[in-house]
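Which chain is which? The protein sequence lines are C and V, in order. Mapping to the numbering used here: the first sequence position 89 is 89, numbers consecutive. Mapping to the numbering used here: the second sequence position 89 is 1089, numbers consecutive.
Honestly, the hints are just simulated from the structure, not real lab data. Virtual Cβ for every residue (Gly too), placed ideally from N, Cα, C. It is possible that some hints are incorrect.
Not the full set, but computed from the structure, chain V residues with beta-carbon under 7 Å of chain C [unchecked claim]:
| id | residue |
| --- | --- |
| 1 | G1002 |
| 2 | L1045 |
| 3 | F1106 |
| 4 | G1109 |
Here are the simulated SDA-like pairs of lysine to any residue, each with C-alpha atoms no more than 20 Å apart in a straight line [claimed, not checked]:
| id | chain 1 | residue 1 | chain 2 | residue 2 |
| --- | --- | --- | --- | --- |
| 5 | C | K56 | V | G1040 |
| 6 | V | K1014 | V | S1065 |
| 7 | V | K1009 | V | D1038 |
| 8 | C | K71 | C | D24 |
| 9 | V | K1009 | C | A41 |
| 10 | C | K5 | V | K1014 |
| 11 | V | K1057 | C | E42 |
| 12 | V | K1057 | C | Q2 |
| 13 | V | K1009 | C | T45 |
| 14 | V | K1009 | C | K68 |
| 15 | V | K1009 | C | K56 |
| 16 | C | K71 | C | P40 |
| 17 | C | K5 | V | S1065 |
| 18 | C | K5 | V | G1058 |
| 19 | V | K1057 | C | L94 |
| 20 | C | K5 | V | V1019 |
| 21 | C | K68 | C | I48 |
| 22 | C | K5 | V | G1040 |
Computed spacing ranges between beta-carbons, pair by pair [as the list claims (entries may be wrong)]:
| id | chain 1 | residue 1 | chain 2 | residue 2 | range |
| --- | --- | --- | --- | --- | --- |
| 23 | C | A70 | V | S1007 | 39 to 47 Å |
| 24 | C | H72 | V | T1020 | 39 to 47 Å |
| 25 | C | Y39 | V | T1020 | 21 to 29 Å |
| 26 | V | P1008 | C | E58 | 21 to 29 Å |
| 27 | V | R1044 | C | H72 | 17 to 25 Å |
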Amino acid sequence: DQQVKQNSPSLSVQEGRISILNCDYTNSMFDYFLWYKKYPAEGPTFLISISSIKDKNEDGRFTVFLNKSAKHLSLHIVPSQPGDSAVYFCAASLIQGAQKLVFGQGTRLTINP
Amino acid sequence: DGGITQSPKYLFRKEGQNVTLSCEQNLNHDAMYWYRQDPGQGLRLIYYSQIVNDFQKGDIAEGYSVSREKKESFPLTVTSAQKNPTAFYLCASSMDSYSGANVLTFGAGSRLTVL
Chain C
1 DQQVKQNSPS
11 LSVQEGRISI
21 LNCDYTNSMF
31 DYFLWYKKYP
41 AEGPTFLISI
51 SSIKDKNEDG
61 RFTVFLNKSA
71 KHLSLHIVPS
81 QPGDSAVYFC
91 AASLIQGAQK
101 LVFGQGTRLT
111 INP
Chain V
1001 DGGITQSPKY
1011 LFRKEGQNVT
1021 LSCEQNLNHD
1031 AMYWYRQDPG
1041 QGLRLIYYSQ
1051 IVNDFQKGDI
1061 AEGYSVSREK
1071 KESFPLTVTS
1081 AQKNPTAFYL
1091 CASSMDSYSG
1101 ANVLTFGAGS
1111 RLTVL
């Protein structure tokens, strides 16, 4: 049972344009969401997070939006740069007793020059 | 520099052999985790430890074993009972796992290939 889903395995975007990565979840108890970025043969690195009391969190070129009623979150990258090419994982957890994160399958983002 | 060190980076194993993957952290984090990554499946939790001398099974613990004798170290043994061990293994740590935002710091990973 996949509680966190990223339905697009890959996404290709022109440099300078906006990249939008999507993530859906099924467990309405999740109250904390994160995005991780992963380059090949490296571990994921934390990118940005959002708690369920917010619907938007911004950090430079990265913005995460949360739609609790739709159980959907998205990551916007603008403008997209070649160094953004990586696999992006969304993850969800419970803030209280957050023993573990549940990860989506990942979306491979390719930024084309 | 604080971080997580995983070794070896690449490991080949014959069927029927046990292998141990090392994970060391100098972040003074209480909690440590092992994840497995397979193509198209994201990261799945194998084991986690919230404190020294204690650990819990994750979602796919069968065929694996761990120990947590020191705060800094959380080795993972892939036993011969693991039916499909070829994968990329990631170790992670966090300040704690009881409360608050649980941001994990990951190591660079170990790729295990069974021949």
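How the hints compare with the structure:
At a threshold of 7 Å, the smallest CB-CB gap from V:G1002 to chain C is about 14 Å, leaving the interface hint violated. At a threshold of 7 Å, the smallest CB-CB gap from V:L1045 to chain C is about 5 Å, leaving the interface hint in force. For V:F1106, the shortest C-beta to C-beta distance to chain C is roughly 3 Å, which falls under 7 Å, so the interface hint holds. Interface hint status for V:G1109: upheld, as the beta-carbon distance to the closest one in chain C is roughly 5 Å, under 7 Å.
As the CA atoms of C:K56 and V:G1040 are separated by approximately 28 Å, the hinted pair breaks the 20 Å bound. Of the pairs offered as hints, the one joining V:K1014 and V:S1065 holds, with about 18 Å between alpha carbons and a cut-off of 20 Å not exceeded. For the suggested pair V:K1009 and V:D1038, the alpha carbons sit about 16 Å apart, so the restraint of at most 20 Å is met. For the proposed pair C:K71 and C:D24, the alpha carbon gap of about 6 Å is at most 20 Å, so the pair holds.
Our distance criterion of 20 Å between C-alpha atoms is met by V:K1009 and C:A41, whose separation comes to about 9 Å. For the hint linking C:K5 to V:K1014, the alpha-carbon distance of about 34 Å lies beyond 20 Å, and the restraint is violated. Among the hinted pairs, V:K1057 with C:E42 is inconsistent with the structure: their alpha-carbon atoms are about 24 Å apart, more than 20 Å. For the given pair, V:K1057 sits about 18 Å from C:Q2 by alpha-carbon distance, which is consistent with the 20 Å threshold.
Taken as a hint, the V:K1009 and C:T45 pair is honoured in the structure, with Cα atoms around 18 Å apart against an allowance of 20 Å. About 39 Å separates the Cα atoms of V:K1009 and C:K68, which puts this hinted pair outside 20 Å; it is violated. Taking the CA atoms of V:K1009 and C:K56, the gap is about 38 Å. The hint is violated against a cut of 20 Å. For the proposed pair C:K71 and C:P40, the alpha carbon gap of about 29 Å is over 20 Å, so the pair is violated.
Between C:K5 and V:S1065 the CA atoms are separated by roughly 28 Å; this puts the pair beyond 20 Å, and the hint is violated. As the CA atoms of C:K5 and V:G1058 are separated by approximately 19 Å, the hinted pair is consistent with the 20 Å bound. Pair hint V:K1057 plus C:L94 holds up; C-alpha atoms about 18 Å apart against a cutoff of 20 Å. For the hint pairing C:K5 with V:V1019, the CA-to-CA distance comes to about 32 Å; that exceeds 20 Å, so the pair is violated.
With a CA separation close to 17 Å, the supplied pair C:K68 and C:I48 stays within the 20 Å bound. Restraint check for C:K5 and V:G1040: the C-alpha separation of about 11 Å stays at or below 20 Å, so the hint holds. The hinted window of 39 to 47 Å between C:A70 and V:S1007 holds, with their beta carbons roughly 43 Å apart. The hinted window of 39 to 47 Å between C:H72 and V:T1020 holds, with their beta carbons roughly 41 Å apart.
Between C:Y39 and V:T1020 the beta carbons are some 26 Å apart, a value that agrees with the proposed interval 21 to 29 Å. Hint check: V:P1008 to C:E58, Cβ distance near 40 Å, so the stated range 21 to 29 Å is violated. The hint said 17 to 25 Å for the Cβ distance between V:R1044 and C:H72, and at roughly 22 Å that hint holds.
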